[in-house]
Amino acid sequence: MTPEHTAFLNRIRAAVAGVTTERLPLEALLAPADDGPPLAALAHRTRNQRMELLLQLIAHAAPLNLQVSTCATLPEAAGRIAAITLASEPEFFGQKALILHEHPLLQALALDTLTELKDIPQHWTSPANPRVRAQTLAASIGVTVADWGIAESATIVQLTRPGRPRSTSLVPSIHIALLPLSRLVADLAEAFTLVRRESEHASMVLISGPSKTADIEGCMVLGAHGPRAMHLFVLTNAADAAASGFPVASCSQCC
Amino acid sequence: MSRPTTVTLFIQCLVDALFPEVGEAMVRIFDRLAIPLTYPENQTCCGQPAYTSGYRHEAASAARRFIDLFEQAEVIVCPSGSCVAMVRHHYPELLKNDPVMHQRALAVSGKTFELSEYLVDVLGLTDLRATFPGVATYHDSCHLARTLGIREQPRRLLHHVRQLRLVEMTNSDTCCGFGGAFSTCYPEISVALVDDKIDHIVQTGADTVVGCDAGCLMNIRGRATRRGIDIRVMHLAQVLADGERA
Amino acid sequence: MIRRSSPYSEAARAGMNNACLQKSLRNLQARYGKGALDIWRTLPDPSLRHRVKARRMQTLAHLDQLLALLAEGIEAQGGQVYFAATAVDANRYVRDLARKHAVRRVVKGKSMLSAEIGIDAVLAADGIEVIETDLGEFIVQIAGSSASHIIAPCIHMDRQQIGRLFADRLGIPYSEDPPTLTRAARKALREKMLTADMGLTGCNLACAETGQISLVSNEGNIRMATTMPKIHVALMGMERIAATLDDQRQLLQLLTRGAALQKLSTYVSFLGGPRREGDPDGPEVFHLVIVDNGRSRILADPEFREVLACIRCGACLNICPVYGRIGGHAYHSPYSGPIGAVVTPLLQGINRHADLCKGETLCGACSDVCPVDNDLPRMLAALRHKLAYGDPAWQVRPHKRLEALGFALWQRIISNCWIYEMLLRTVRALQRPFVNPKGMVGPLPGLKGGWTKGRDLPPLAAASFRERWRTTLGRGRGQGLSESHKEQNHDA
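These protein sequence lines map, in sequence, to chains A, B and C.
Be aware that the first sequence starts at 1, since it is given in this note's numbering, and climbs by one per residue.
Be aware that the second sequence starts at 1, since it is given in this note's numbering, and climbs by one per residue.
Be aware that the third sequence starts at 1, since it is given in this note's numbering, and climbs by one per residue.
In case anyone wonders, no lab produced these hints; they're calculated from the structure.
The reader is advised that the hints may include incorrect statements.
Unchecked claim - Simulated crosslink set (DSS-like; lysine-lysine; CA at most 30 Å straight-line):
| no. | chain 1 | residue 1 | chain 2 | residue 2 |
| --- | --- | --- | --- | --- |
| 1 | C | Lys34 | C | Lys23 |
| 2 | A | Lys212 | C | Lys23 |
| 3 | C | Lys53 | B | Lys96 |
| 4 | C | Lys34 | A | Lys212 |
| 5 | A | Lys212 | C | Lys192 |
| 6 | C | Lys187 | C | Lys230 |
| 7 | C | Lys53 | C | Lys263 |
| 8 | C | Lys438 | C | Lys400 |
| 9 | C | Lys100 | C | Lys230 |
| 10 | C | Lys263 | A | Lys212 |
| 11 | C | Lys187 | C | Lys23 |
| 12 | C | Lys263 | C | Lys34 |
| 13 | C | Lys438 | C | Lys453 |
| 14 | C | Lys263 | C | Lys23 |
| 15 | C | Lys187 | A | Lys212 |
| 16 | A | Lys212 | C | Lys438 |
| 17 | C | Lys230 | C | Lys192 |
| 18 | B | Lys96 | C | Lys400 |
Here the structure is a predicted model, which is why all the values come from computation and not from measurement.
All chains should be modelled from the sequences, with the hints used to inform the complete structure.
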């Protein structure tokens, strides 16, 4: 710590001392909230209860222009992604292209085997790929897997990991995210309980729909600087999710 | 049968000098309820104008004088939310450096009430058997509604007034723009706010606006007459004053 | 007591005459101010704001320790932290950093702190292109104007003005269609954000426990500015820190509800350092500049410390009837509305901003709507107290000698009922020529000119209440107060 920094903090300490007589020890101040109840709620949540959360997610997503649909199988999800890709118009370049997170679930989709997508370039954000940035900039659709979904606010949590960069859900015009049902939690408090335990302080972003602004005369417009459209596919078949090697949350009894 | 508590009248300076009919109406209300009244004739001002403008020495001097004059009262009732807020919320704090005065201020605070609050919460009355023909809308004064939390009591009293229909205006509790010295020092902003208030009153179709603070009423009436808008501006006391013997 | 024209009054008048601004403010307040009140009223836990406030105050009481912990956390992740005592220090640090990295283009996320310290001019003086990316801030930047609301910066401009501005400055055909205009800005700014050397943002809320800062936005520009350029610099007011992740969560949820009635803004970013090993994107360099610039002085004053609990949601702007008429430019500060009226004098000079201390009605709507239960009217009253008599601790001179004399005189008058009554009788005698046929006093020059310019005044009543009590109302009532008092003494 530099002398400047010490002086800065000392000035604060002096300011505080004039008004506050008693300070807690730092450990007491930083004592985290009791994790027990949210973890118990997560552990005991049944598949049916999660399906109810899904209904909440869908209801809350509607006014946010977040397009939510359910897929029972990976091939169904792959087909939907292909359909969106074919129906979309590229915004910034003449050519459509996909950029995908390097994630077992997305690899299991096997999009590159779909004939309808044969003319559309698909790239992976592998750490070994030196052209990730250029390919992301040229892509019209970015595809990611959400770490968690939050029903209460129709939000997905996207942690930054090696091979799973931030720009994939940000730079292309359209963002498609997949979420296994087992990863859907009720509210932000539950989500943060998991974040605290599992994120290792990686950078992360909470995303609740496509980007928007109402700065001009209060008129809402979708597509400010982030994606102008966002699709969320909730995978309701756990077998596929498990088969792709995606750890199924921190509980043992989920769907 | 215990004798009723004597009410000591705390008459706001604006009421004393400009709207004595409001004070008279209060007297009629309590006379109809057969409640004995006293009035310390040397009272002048609770000190709020000085306090709001930042002159706390002068305000404290007014507070000490008020306490001297009023502390023997059984109960003190005032037709102004802002004055009651001054006594209840600011007197103890103004005099906190003098332990004796501070205690006396607390004692006086504990027995000072706004009119509608006294009638409804202390006396338990909502129907004064009053009559006042007309269509009225009610303006929530800032200190009364926010500092003292008094919103329902005037409405409950008004609902029981015979031949009076009560309609709510949009934004009834938005500030009318008086703010004491603000109205004189920042008149354009003040007038813009009272214009909004008057527009909301007119939108209700009421022929009368009722309030519990002479400052607000003076502000509303002053702008309405200048704009040529014909609307009765009445204090709650005036609406409740006349009717059958309770 | 009447101010001749002052910057505050002049700008207020201009705001009141701006039809577009008035319409925008009306819509904003009808929806967002009341909407926030409704949300607080229907919270499952009615004591939430009170508890959050207590926690904020506890956090402020440990601010030095928490900032030290935050700095440790960020440095452990490869970031750098600079503690800037003043605006000058902060600007110099960022400028030197820009020079070191040969920065030519900076993209900004909306940051009121950046406006407070005036960083744009410092970087521009070095020939650096500084571009606001929040659509509203971008619009006011290219218009050469300034923000008039902390969440919705360009509400004082209508679509026609913006259309002409974009035709002129972006070279597009004239349009006044908001989606078309937004798409034009999207395209123009995308290129800037993807080629900028540095992203410069604020910080909504840092977290000591996690060593991260959080940033909220709906547009995605902040994500862009913190992901694509090589360097990210975040400016943080030193009070904008939560102790634990749970605190941060609660404050974020209050922030997004207070600001725009949202459960969460479209994007909430959490970051605490440069890109990690294996990350294909993210900045290579991250600097957090923690700024004091007068905040420690506020922290030291028990009367004003609570203003540091503010999370800058803007709900108070959305409910204030004064702000709702005059707009943000009247405050001459990046911080407008009720929060601006308190924080601007405290940061930039109480005498200099006397109008902000006195130019509102203390109606209390702001404290009703504040998500952290701040009592702004109490602090405005305290500021007025300082202006009344001066205050060496805050370098305040007494504001108006004439006003002080007036209240000294007022005290004499109300302390003596005889003088008070004589004064009333005198005015009553003199007022007759001024009373018009409506029975009111019309426009008057001079002292009372302020009131009577727009409103009639009632004349003094022919007989005061006191006089009526003496002559009729009080007669025959038996024991007065003084008599019963005498009796008690006699009995004792």
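Status of each hint after checking the structure:
1. Restraint check: the Cα-Cα separation between Lys34 (chain C) and Lys23 (chain C) comes to about 17 Å, which is no more than 30 Å; the hinted pair holds.
2. About 22 Å separates the Cα atoms of Lys212 (chain A) and Lys23 (chain C), which keeps this hinted pair within 30 Å; it holds.
3. For the hint linking Lys53 (chain C) to Lys96 (chain B), the alpha-carbon distance of about 25 Å falls within 30 Å, and the restraint holds.
4. With a C-alpha separation of about 23 Å, the suggested pair Lys34 (chain C) and Lys212 (chain A) falls inside the 30 Å cut-off, and the hint holds.
5. Pair hint Lys212 (chain A) plus Lys192 (chain C) holds up; C-alpha atoms about 19 Å apart against a cutoff of 30 Å.
6. With a CA separation close to 21 Å, the supplied pair Lys187 (chain C) and Lys230 (chain C) stays within the 30 Å bound.
7. Restraint check for Lys53 (chain C) and Lys263 (chain C): satisfied, since their Cα atoms lie roughly 19 Å apart, inside the 30 Å limit.
8. In summary, the hint linking Lys438 (chain C) to Lys400 (chain C) is not supported, as the alpha carbons are separated by about 36 Å, beyond the 30 Å threshold.
9. As the CA atoms of Lys100 (chain C) and Lys230 (chain C) are separated by approximately 13 Å, the hinted pair is consistent with the 30 Å bound.
10. About 15 Å separates the Cα atoms of Lys263 (chain C) and Lys212 (chain A), which keeps this hinted pair within 30 Å; it holds.
11. For a cut-off of 30 Å, the pair hint linking Lys187 (chain C) to Lys23 (chain C) stands: about 29 Å separates their Cα positions.
12. For a cut-off of 30 Å, the pair hint linking Lys263 (chain C) to Lys34 (chain C) stands: about 16 Å separates their Cα positions.
13. Restraint check: the Cα-Cα separation between Lys438 (chain C) and Lys453 (chain C) comes to about 16 Å, which is no more than 30 Å; the hinted pair holds.
14. Between Lys263 (chain C) and Lys23 (chain C) the alpha-carbon distance is near 26 Å, which keeps this suggested pair within the 30 Å criterion.
15. At roughly 14 Å between alpha-carbon atoms, Lys187 (chain C) and Lys212 (chain A) fall within 30 Å of each other, so this suggested pair holds.
16. Distance check on the hinted pair: Lys212 (chain A) and Lys438 (chain C) sit about 56 Å apart at the alpha-carbon level, beyond 30 Å; violated.
17. Using a Cα cut-off of 30 Å, the hinted pair Lys230 (chain C) and Lys192 (chain C) holds, with the two alpha carbons roughly 13 Å apart.
18. Using a Cα cut-off of 30 Å, the hinted pair Lys96 (chain B) and Lys400 (chain C) holds, with the two alpha carbons roughly 27 Å apart.
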